Every structure is written in structure tokens, then in C-alpha cells.
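Colleague: The task is simple: from the sequences and hints, build the whole structure.
Protein chains in written order, with our numbering: chain Z, 6 to 120; chain L, 76 to 190.
Each hint should be verified, as a subset may be incorrect.
Stated by the list, open to error - Stretch-level coverage of chain L by chain Z, calculated; a stretch enters the list once three of its residues show a Cβ under 8 Å from a Cβ in chain Z:
(1) 143 to 157
(2) 163 to 173
(3) 179 to 190
To be verified - If you anchor each label on the Cβ, the simulated ranges turn out as follows:
(4) Gln50(Z) to Ser154(L): 28 to 38 Å
(5) Ser154(L) to Pro84(Z): 28 to 38 Å
(6) Val178(L) to Ser31(Z): 16 to 26 Å
(7) Gly115(L) to Arg47(Z): 14 to 24 Å
(8) Leu93(Z) to Val178(L): 28 to 38 Å
(9) Glu20(Z) to Glu171(L): 38 to 48 Å
(10) Gln119(L) to Ser65(Z): 34 to 44 Å
(11) Glu150(L) to Ser33(Z): 31 to 41 Å
Derived by calculation from the structure, the hints in this document are not laboratory data. Treat the numbers as computed from the prediction; the structure is a model and nothing was measured. Glycine included, C-beta positions come from ideal geometry on N, C-alpha and C.
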Amino acid sequence: AQSVAQPEDQVNVAEGNPLTVKCTYSVSGNPYLFWYVQYPNRGLQFLLKYITGDNLVKGSYGFEAEFNKSQTSFHLKKPSALVSDSALYFCAVRDGAAGFQKLVFGTGTRLLVSP
Amino acid sequence: KAGVTQTPRYLIKTRGQQVTLSCSPISGHRSVSWYQQTPGQGLQFLFEYFSETQRNKGNFPGRFSGRQFSNSRSEMNVSTLELGDSALYLCASSLEYGSGANVLTFGAGSRLTVL
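Modeller: In C-alpha cells, the structure reads:
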């Protein structure tokens, strides 16, 4: 069975500093990994995905994520945080061998960027 | 290009009633998935549809049901509502079905409150 862990409920960072939101995963087949962001009273917005290839994936709004197979991690990063990045971030995994669309989400990490 | 449209956005029901939620996918998208989001359980997969067929179902009681129409629009129904059904119900669509790389595009959700 697939699972995702986001060990931090909240991450606090000052504007202009780099940010990292952590994610580890477990899946029996090849992992397909995703990051989504949720703003208040909104649905989930897609940021980026890892399918195969380069371990560093670049996505929307300056975000990137690093895939590490040996550590089964897929951490979200941004070199310089903005106050507008404050939101709830979800990591998700799909088992590529299963043939389904189902995503298994982590519990979410609230990012708070202070001015 | 219009996004995923969910109606109604907000609704209040009482215990024992039933509710129907509607989802119109992005034009041309043929797969629809449903998720329940609660503070306690996070994002939980409900079901997914492609070509009017339910392809996968999450671990929810039979009170939760859904369907997809020939125009790819989808509805989900919850009968005999319980207090614990209060949640944000998110619909997502994707262009195709079956590829691990498919990105789910989410709607803003329907927030159901059960009194």
C-alpha cells in the first residue's frame, strides 16, 4: 500500500530565506510523486511532479523538489520565500504499477512566511 | 479555459438527509475523481471514474455513491447523512486515465455541513 509522511505540521520561514517542506513516501511499484498547494477556501493547485529522469524537478511559482530514491524522499524547496507562499502544502504519491488515478496524500504542512 | 466546476459551493444539511454534489470537469477531460477533506482525516480518496465506469473506490461506507455521465460530468451522493460527513468534498479531473503521470486538476470544492 502507498503512504506519504509529512513530518512537520508547520514550517516557519522569513521572507527572502530558503524554504524546505519535507516529504517521505512508501510505494511498492515505481513512485509518481506530486506536490499541491491549497489556499484558504480553495481547492488544490498543482505545483510539480516527479515521474522519472532528473532528480531535481522544477515547478510553478519558483518551487522545485528533489527526489531521493535511497531516502524515499521528495522534499519541496524554494530558494527565496515570499509572504504570498503562505499556504497548506500537500505531498502525494501514486503507485505507477497499479493503473489507477488515485493519489495518496500526506497530512499537509502549513507554511508560514513572515515579512 | 474554464477549470473544474463544483456545485454547490456551500450547503447545510441535517442528519438523516441526503445530498448530491455535482462536478463538471475541464472541457475534454474524461476522468473524474472525488476526495473528502476533513481536519481529522485529511484528504481521503472516495472514487474515480472514466468512461462512465467506476474504476476504483476508497474505503467509505455504501452511503457514499457516485456516477459519471456520458459528457464526463460527475455526481456524488451521500445518503443518511451523519455529523462526521461534514467535510470539503473535492472533485478532480484529468485528461486521460491509467497513466501514473496524469495530473489531477482540482475544483474549489463543496463544503458540506451536517447539523
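Colleague: The structure should be examined with respect to each hint, and the outcome stated for every one.
Modeller: Verification of the supplied hints:
With 0 residues carrying a beta carbon less than 8 Å from a beta carbon of chain Z, the segment 143 to 157 of chain L misses the three-residue requirement, and the given coverage is violated. Here's how the segment 163 to 173 of chain L fares: 5 of its residues keep a CB closer than 8 Å to some CB of chain Z, so the rule of at least three is met and the hint holds. Only when three residues or more bring their CB closer than 8 Å to a CB of chain Z does the claim for the segment 179 to 190 of chain L stand; here the count is 6, and the claim holds. For Gln50(Z) and Ser154(L), the Cβ-Cβ distance of about 32 Å falls inside the hinted range of 28 to 38 Å, so the restraint holds.
Taking the beta carbon of each, Ser154(L) and Pro84(Z) are about 50 Å apart, not inside 28 to 38 Å as hinted. One distance hint, 16 to 26 Å for the beta-carbon pair Val178(L) and Ser31(Z), holds here, with the actual separation near 22 Å. Checking the proposed 14 to 24 Å range against Gly115(L) and Arg47(Z) shows it holds: the Cβ atoms sit about 20 Å from each other. Taken as a hint, the range 28 to 38 Å is violated for the pair Leu93(Z) and Val178(L), whose Cβ atoms sit roughly 19 Å apart.
For Glu20(Z) and Glu171(L), the Cβ-Cβ distance of about 40 Å falls inside the hinted range of 38 to 48 Å, so the restraint holds. Taken as a hint, the range 34 to 44 Å is violated for the pair Gln119(L) and Ser65(Z), whose Cβ atoms sit roughly 25 Å apart. For the pair Glu150(L) and Ser33(Z), the supplied restraint of 31 to 41 Å holds, since their beta-carbon distance comes to about 33 Å.
Of the numbered hints listed earlier, those contradicted by the structure are 1, 5, 8, 10.
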